[in-house]
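Listed in order, the protein sequences are those of chains A and B.
The first sequence lines up with residues 1 to 228 when you count with the working numbering.
The second sequence lines up with residues 229 to 502 when you count with the working numbering.
No lab work stands behind these hints, which were simulated from the structure alone.
We treat Cβ as the ideally placed atom computed from N, Cα and C, and that holds for glycine.
It cannot be assumed that every hint is accurate.
Each pair of labels, with its calculated beta carbon distance range [claimed, not checked]: (1) Asp33(A) - Ala308(B): 38 to 48 angstroms; (2) Ile74(A) - Met261(B): 44 to 54 angstroms; (3) His183(A) - Ala308(B): 44 to 54 angstroms; (4) Val353(B) - Asp73(A): 45 to 55 angstroms; (5) Lys250(B) - Asp203(A): 36 to 46 angstroms; (6) Thr447(B) - Gln175(A): 54 to 64 angstroms; (7) Ser22(A) - Met261(B): 32 to 42 angstroms; (8) Asn3(A) - Glu440(B): 36 to 46 angstroms.
Here chain A is said to cover these stretches of chain B; the calculated rule only asks that three of the stretch's residues, wherever they fall, bring their Cβ under 8 angstroms from a Cβ of chain A [said to hold, decoys possible]: (9) 231 to 241; (10) 347 to 359; (11) 457 to 465.
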Amino acid sequence: MDNRILSLFQLCDSNLPTGAFSHSFGLESYIQDGKVKDPESFYEWLRVYLHEQLIYTDGLVCRLIYDALRKKDIQKIWKLDHLITVQNLPRETRQGTKMIGYRMLKLAESLYGMPTLSQYRERIDKKQSYGHPAIVFSMVAHGLEVSKQNTILYYLYSAVSSQVQNAVRAIPLGQTAGQTITHKFQPELTRAAESIMQLHEDDFGIVSPGLELSQMKHERVNIRIFMS
Amino acid sequence: MSKWTGVLSMDLENRKGKTIAKRVFFQGAFKVMRPIYHDDSGKVCYYLLNPGGGYLDGDRYKMDISAEEGAKVTLTTQSATKVYKTPNNYAYQETVIYLKKGSYLEYLPDPLIAYQNARYKQKNVIHMEKGATFLYTDILTPGWSPNGDYFSFDSVQLITEINWDGKLGVFDHIKLTPAQQNLSGLGYMEGYSHLGSMIIISEQTSTSIIDEIYQSIETEEIDIKFGLSKLEVPGFSLRILGNSTQHIERVFTKCLHIINQKWFHRTPSSLRKY
Chain A
1 MDNRILSLFQ LCDSNLPTGA FSHSFGLESY IQDGKVKDPE SFYEWLRVYL HEQLIYTDGL
61 VCRLIYDALR KKDIQKIWKL DHLITVQNLP RETRQGTKMI GYRMLKLAES LYGMPTLSQY
121 RERIDKKQSY GHPAIVFSMV AHGLEVSKQN TILYYLYSAV SSQVQNAVRA IPLGQTAGQT
181 ITHKFQPELT RAAESIMQLH EDDFGIVSPG LELSQMKHER VNIRIFMS
Chain B
229 MSKWTGVLSM DLENRKGKTI AKRVFFQGAF KVMRPIYHDD SGKVCYYLLN PGGGYLDGDR
289 YKMDISAEEG AKVTLTTQSA TKVYKTPNNY AYQETVIYLK KGSYLEYLPD PLIAYQNARY
349 KQKNVIHMEK GATFLYTDIL TPGWSPNGDY FSFDSVQLIT EINWDGKLGV FDHIKLTPAQ
409 QNLSGLGYME GYSHLGSMII ISEQTSTSII DEIYQSIETE EIDIKFGLSK LEVPGFSLRI
469 LGNSTQHIER VFTKCLHIIN QKWFHRTPSS LRKY
């Protein structure tokens, strides 16, 4: 079991070359507006991003994919891949997510060699599916027999830690401040994972207006360090 | 739960350049006024109305509209949709629209006003063939309460699903539950009181028209925050945060004007109601 956890930790590493470090998911718009400028305001953004967007999209999808894999309901996986892509209305974040998903998939395929991963990649190559990191992650975690709760928690951790790294570079914050935030944020992650377990499937895709707007606005930001 | 408080169903077709309803059916607390032709384009305009004056506890409304090839239609409301307190069951409205290729439908309802302790859920499901055009707007206001407090409703949930050529192309889900969220804060309403959404689907969508609309909104000297983005299917969505219905309507009118000019070489008629 320990080896399997270690195997999954590799996917949580923010150094994983998926390109996630070039996507801020609207954070950069807030930094440029001066709304996110220090550890406190970044913490607030991260909290809202987790509890008002990630849990209803990536988080809930982790849970639903895990269930679908367990029931061998493969059609459901392709349906969720489609749904989570078209609910992402801002073009940059949608395209960025597809790119991260595909890169993570290719990497995971070569590392873990699971047939579901190859099937997913073939569908994307044939333009039958789009690709999403939460789906790739859940496929790997399920294949490694990591529990559903842990799959969700580790996915959220990896998504959040990439954003902390982005904030350290972009605001900028010191490395120690970044680590302090990650540490302080642990209860938020646990709470989010618990909420995800309680969500109804109908809650899928709820977005918070301001967050979404900041992701749309980013397309018109002239000087930028992130692609979204 | 299959009983409806009000049902409205209409099939529209193009008859010699003029759009007419070949079938209209309504029952209960949902009505449509007689068709109005604002200009000589053949486009028909229907005003929907709720004779009860508002949605009450557990009310359920259903609207089915289909537009045949070449039909052109505007659907709007006669006044704002008001949702009163719903102590037992949320009020619900479901709209299903079928659009054949070459049809044009704009659904431009008045703002939604949810009163204190109201719960409201709205679901729009659109099925479009390639070559159809769909324009949609909605405005969510901070609602109404006796002491003037904003966001005193319990929940408002708005879902829009657009199927393009047999496949889901847009899934939009907004849910505001003021008691559980810090609505004025970062990430939510960002200090604004009104939320406007617009979705345009048409094969004629191009980056240049999106840029033109973006620049034209930017020149407005009103306090709004907006975002505009291209969808996965041919079309775009616009979100606006503002402080009044009028500000958001002004932006919508501007967008509809540009779209009508560019794509159909016509000027949209004013939907004067008051």
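Hint check results:
1. Asp33(A) - Ala308(B): 38 to 48 angstroms: Violated, at about 32 angstroms.
2. Ile74(A) - Met261(B): 44 to 54 angstroms: Given range 44 to 54 angstroms: holds, Cβ gap about 50 angstroms.
3. His183(A) - Ala308(B): 44 to 54 angstroms: The hinted range 44 to 54 angstroms holds for histidine 183(A) and alanine 308(B), with Cβ atoms some 49 angstroms apart.
4. Val353(B) - Asp73(A): 45 to 55 angstroms: 24 angstroms, violated
5. Lys250(B) - Asp203(A): 36 to 46 angstroms: 39 angstroms, holds
6. Thr447(B) - Gln175(A): 54 to 64 angstroms: This hint is violated: roughly 43 angstroms between Cβ atoms.
7. Ser22(A) - Met261(B): 32 to 42 angstroms: Since serine 22(A) and methionine 261(B) have Cβ atoms about 53 angstroms apart, the given range 32 to 42 angstroms is violated.
8. Asn3(A) - Glu440(B): 36 to 46 angstroms: Because 57 angstroms falls outside the window, the suggested range is violated.
9. 231 to 241: violated (count 0)
10. 347 to 359: Violated: only 0 residues of the segment 347 to 359 of chain B have a Cβ under 8 angstroms from chain A.
11. 457 to 465: Held - the segment 457 to 465 of chain B has 6 residues with a Cβ nearer than 8 angstroms to chain A, which meets the minimum of three.
The structure is inconsistent with the numbered hints 1, 4, 6, 7, 8, 9, 10, although it conforms to all the rest.
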